[in-house]
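2 protein chains.
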Amino acid sequence: MEPGDAARLGPGRAARALPPRLLLLPLLPLLLGRGLRGAAAASSSGAAAEDSSAMEELATEKEAEESHRQDSVSLLTFILLLTLTILTIWLFKHRRVRFLHETGLAMIYGLIVGVILRYGTTATSGHDKSLSCTQEDRAFSTLLVNVSGKFFEYTLKGEISPGKVNSVEQNDMLRKVTFDPEVFFNILLPPIIFHAGYSLKKRHFFRNLGSILAYAFLGTAVSCFIIGNLMYGVVKLMKIVGQLSDKFYYTDCLFFGAIISATDPVTVLAIFNELHADVDLYALLFGESVLNDAVAIVLSSSIVAYQPAGLNTHAFDAAAFFKSVGIFLGIFSGSFTMGAVTGVVTALVTKFTKLHCFPLLETALFFLMSWSTFLLAEACGFTGVVAVLFCGITQAHYTYNNLSVESRSRTKQLFEVLHFLAENFIFSYMGLALFTFQKHVFSPVFIIGAFVAIFLGRAAHIYPLSFFLNLGRRHKIGWNFQHMMMFSGLRGAMAFALAIRDTASYARQMMFTTTLLIVFFTVWIIGGGTTPMLSWLNIRVGIEEPSEEDQNEHRWQYFRVGVDPDQDLPPNNDSFQVLQGDGSDSARGNRTKQESAWLFRLWYSFDHNYLKPILTHSGPPLTTTLPAWCGLLAQCLTSPQVYENQEPLREEDSDFILTEGDLTLTFGDSAVTANGSSGSHTASMSLEGGRRMKSNSEEVLERDLGMGDPKVSSRGTRLVFPLEDNVRLPPQSPE
Amino acid sequence: MEPGDAARLGPGRAARALPPRLLLLPLLPLLLGRGLRGAAAASSSGAAAEDSSAMEELATEKEAEESHRQDSVSLLTFILLLTLTILTIWLFKHRRVRFLHETGLAMIYGLIVGVILRYGTTATSGHDKSLSCTQEDRAFSTLLVNVSGKFFEYTLKGEISPGKVNSVEQNDMLRKVTFDPEVFFNILLPPIIFHAGYSLKKRHFFRNLGSILAYAFLGTAVSCFIIGNLMYGVVKLMKIVGQLSDKFYYTDCLFFGAIISATDPVTVLAIFNELHADVDLYALLFGESVLNDAVAIVLSSSIVAYQPAGLNTHAFDAAAFFKSVGIFLGIFSGSFTMGAVTGVVTALVTKFTKLHCFPLLETALFFLMSWSTFLLAEACGFTGVVAVLFCGITQAHYTYNNLSVESRSRTKQLFEVLHFLAENFIFSYMGLALFTFQKHVFSPVFIIGAFVAIFLGRAAHIYPLSFFLNLGRRHKIGWNFQHMMMFSGLRGAMAFALAIRDTASYARQMMFTTTLLIVFFTVWIIGGGTTPMLSWLNIRVGIEEPSEEDQNEHRWQYFRVGVDPDQDLPPNNDSFQVLQGDGSDSARGNRTKQESAWLFRLWYSFDHNYLKPILTHSGPPLTTTLPAWCGLLAQCLTSPQVYENQEPLREEDSDFILTEGDLTLTFGDSAVTANGSSGSHTASMSLEGGRRMKSNSEEVLERDLGMGDPKVSSRGTRLVFPLEDNVRLPPQSPE
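Taken in order, these protein sequences are the chains called E and Y. Those letters in the first sequence? Residues 0 to 734, by numbering that gives the first Met the number 0. Those letters in the second sequence? Residues 0 to 734, by numbering that gives the first Met the number 0.
Because the hints were derived from the structure by calculation, they are not lab data. Bear in mind the structure is a predicted one, so any value in this text is a computation, not a measurement. Virtual Cβ for every residue (Gly too), placed ideally from N, Cα, C. Fair warning: there could be bad hints in the mix.
What the hints assert, rightly or not - Pair ranges (Cβ atoms, derived):
1) V404/E <-> L217/Y: 26 to 32 Å
2) F520/Y <-> C356/E: 27 to 33 Å
3) G528/Y <-> E273/E: 56 to 62 Å
Said to hold, decoys possible - With a straight-line cut-off of 25 Å between C-alpha atoms, the simulated SDA-like cross-links for lysine to any residue are:
4) K353/Y <-> L83/E
5) K201/E <-> V343/E
6) K92/Y <-> L83/E
7) K353/Y <-> K201/E
8) K353/E <-> I107/Y
9) K235/Y <-> S442/Y
10) K322/E <-> K61/Y
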């Protein structure tokens, strides 16, 4: 026995019988619930050693220790994979290679390691034991087994389909590198999704909110339905040809449609970011992909919940259908509420305490509250991942403004790192799974059918929806944008996580294999083709993104001056930027469509007049916006900073000034100067009182269209910017 | 069935049978190794629903879902606890309350919740089932159970002592909030320990390295031995009185000595930090507590491994003893090597790639490499926590210098947050455990004996060791320092984690209860008494700590100028600061003792001439320090930056200049100015060549003692600083 061995028999003895997931890491995921007795039981083998025969115990211990070591080795494999990926990404970024994104790279490395594990390691038998227990009619969560006088505790892992029972011999290493699918949902996806919500480019997001919601909700539903029906046709065909060896129901097809409808254009967006491509297209794609993840999760849950009442299953049942719809709405709104409520609570806590003096405490609180959203939603029976998304959006919209400068960067960076690690882990795991997953069902017909179906599904979702949206949009979504959105229908982490969640039946296994291949294909091919596609579609690149400067200005200038550069803008500001593609004539022709944004405008003024002042230090004082009889309450809720900063806040009241602020931020000027120079205008405008506040959005629009008042031209240097932009780039054709 | 319920039966169906630790969180601890079959098995219950009787399954599912929800609720409880703690800490910091530290607070909240859970919830029975399986002679890690035709998979949790088998009825909620003890070692301690290593104040740490090592190694061993023997006396007494109801061996006593010897003066150090107390005392206490954690872990492993060869156990066996010593040395050096090697590899990777252009990649790499240390050590049979400590120190010493400015703050902040959350979690869990842990053995005699023993053990460790150290130290450890160190013997997270790791036997349970009470007592009483004690012992406070400015200067001034303000200093620089207590006469009387630091000086010059140039961008070019025949290798290893920055580096070569740099940093001046002004001196000194480099340490010392050359007085404004400091504070008596 080598020294290390012997020593691990020390207090380490307790560790041996433990499942591998406990050797985790310098993180604190607070593993829970093994139970007091379990803890004691796990360690009692050490204490009992003295008075019982030690030989057999030693064998068990050795085996357990070997298992512990193998766990460490397999985790090390993943770390090595990620490290390799990071170094290669650096090399690629360093040499400006754009044809392969880091996620694609992670998959390739995963594939290689998967091949090695699959064909390079020898199969060892699992240490399993079959017991019969026919006198009971249900399984218990804990089992005490009496083995020659000693009691061992076992926990239920789950049911096994009878066919699998006899295939116990299996490569141990392959087992070790295979994760529980719930890991993706409970550990890896939440930071990815939260980060997506937290880093939504809000200005552009809210500007395109209507379209994004339409793409995400209607689009995903349409896509799911079309793919599901097409795949049902494919399955019918397979049945006729005799390629189908097991059951494959219509609901299975719809389920496939739901999981494959979650787009994840992470590759495309990374290139957009790098090339500074059009921000509105970015917002549309990013917003759609973020929200359709949530829609896909809830949709797939609802489809599985669709259980016709009668025994004649898999026929259409209106009651079950409406139940499914109800479930969809219930889960979605419940998760949304959970996320929003936690975000609002965090905003209130950070507003009314002076926690910002201690960035560490603030960051820790932020992290804990965001995490609690997930648990709260799960505890209430909603979907944690969806709740986390809306929590992220709320945190970014309100809480972020209350944080200290240091906490802002801390929280951003913390979730950025977590997101990065989790995402690359999932993609390298995907590569690995292609070879280590042992129940692949490769069906060429199904796979080809699926590729055709997702293509058609995406087309049937983008083009008609864009047409209808363009009827209502002031700034049309150009053909080139539509083609780009069509092209960017990558499938990624969410589709994979949904597919791997349940791989028990034949149909599900076939879906999983197909999903894996779709993800590979789309990430590699589409990821590599993004840059050529952008230039082919004449989508302008090289636009100055405000994000970086934004953050810097945050850091240097906005500290405690009450100005919030990240805040969303009135809906009418988009007129400055989306004048491209066929946008120019739309702006001329659709002025009457302004009212289509009435819902958003309602929300905007409510948010600006009530929510922002209540939840953050910005916005107009509540004492001015709330009715008089709420005076005391308003005074309590309004932070003193608001009164102190009343001058800049009154500036913010005016949409016009905000517009200018936006421009300033967008083009990287100094916002402070802009605010300063426009102070006089504000003062004059604020004299006209609150009534004006709602009407001047239209005024701004008119001004933008060249009918504005002389004030605008006096600030010509800024308004000229979009024109300069057009000059810099060649005029773009609609196609 | 409410909507949420029904929907979770969807893809969520797979989740139900899973153990609770999987609903973790927006983190990525890559839970591993459940095995492919487990994954499939867990979800197959969903697929099998259609063709089997659904009723009983529904019952199992409901139950599993209930369990899933309870897990979420109990994790939420902890998050609520931590949130409350954070808010109260803020209140305390805001009002400058110092009598209760955040850890003490966390314990109090934990206690309250524990009381509520213990007495406020009703006991429900655990869903356990006892099986007999007498035909086998060993336990298997996986069990397949055939329950009326369906197969369920169970995993081994561990052995249960026969006495516990019948006490299956237990409060479910209490079980849920009880964590697996290995969670502490594998998830919560690593970030705490890594952060401790990564944030060691290196200048002061290395300056006092000899004393710190002595306290940590010799001191902990002495303390362990004394406490063990005293407790053995107590146990004998208990046996005579009849208070002992089960076995309690001598090795158990020694084990108790080992676990209780790990001091954790986090409370004291927090107050030191806040009051800017003496940095050397801080370094001594912090260094000791960091290293003695590692020593205590390895020591306790070695003691458990002490198994006398013959059947006549618990008598002294020389062979077993030496085996234990060998194990101690083996584990310790192995873990040390693992940590150092990973750190060195990270340093090399960050040096030779231009990863610093992408802080996100750099941070992710740093995190992964640091985590891999833990896994590597565990995979090799060493102790992960100890390896992580030395990895942290290595990362701080080398890698930190290669990181970009953003990554420096990112990594520091990342581990700071993780450390904060983990530490407060452990302490609140401790409070909870006092009421929720169900096997407490309160033995008043043992507890009183333990308090006396730890007091005597600490005294027998601090005072004699300090006496011997003072014989060798140029700057004596004053009586007030010794008393403060004696007083600061708090026990914390490590003692708790070691004690809870094995609570199977009667002796271990008694130890656990006693440890818990010792932690409570020391954290509350000593934590509260630190400020009065500091003033009573005349330990100077209000010393300008360089840490903050240091970091800021990092951020603003040191970016890529090749100057490394965090680097350790030559051993003789301490003469500037520790002239207090009885330090002044020691400095006069012990000049002949300089050679006692020869080992450290050897290490320092090796580190400075070879390791730093190889691993970082600083230090003298290897081409000048390596022998001529290594020319090519030296050129490969030396980074171009070194040649570019040859001027400032040559400045660093000179201990004298570094001394001034230290002073400058210590007293918050602008280091750049200092370097600039001293440039001419450097130039003149560097002419004298490398020979001078080793000798001028003695010169500096002489100069400090008032015999220096005239150059020193020409820079009087800086050297006067310590005197000014003395003027500001009243002269301190040795007692």
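Now the hints, each set against the structure:
| no. | hint | result |
| --- | --- | --- |
| 1 | V404/E <-> L217/Y: 26 to 32 Å | violated, 47 Å |
| 2 | F520/Y <-> C356/E: 27 to 33 Å | holds, 31 Å |
| 3 | G528/Y <-> E273/E: 56 to 62 Å | holds, 58 Å |
| 4 | K353/Y <-> L83/E | holds, 15 Å |
| 5 | K201/E <-> V343/E | holds, 17 Å |
| 6 | K92/Y <-> L83/E | violated, 44 Å |
| 7 | K353/Y <-> K201/E | violated, 33 Å |
| 8 | K353/E <-> I107/Y | holds, 23 Å |
| 9 | K235/Y <-> S442/Y | holds, 14 Å |
| 10 | K322/E <-> K61/Y | holds, 19 Å |
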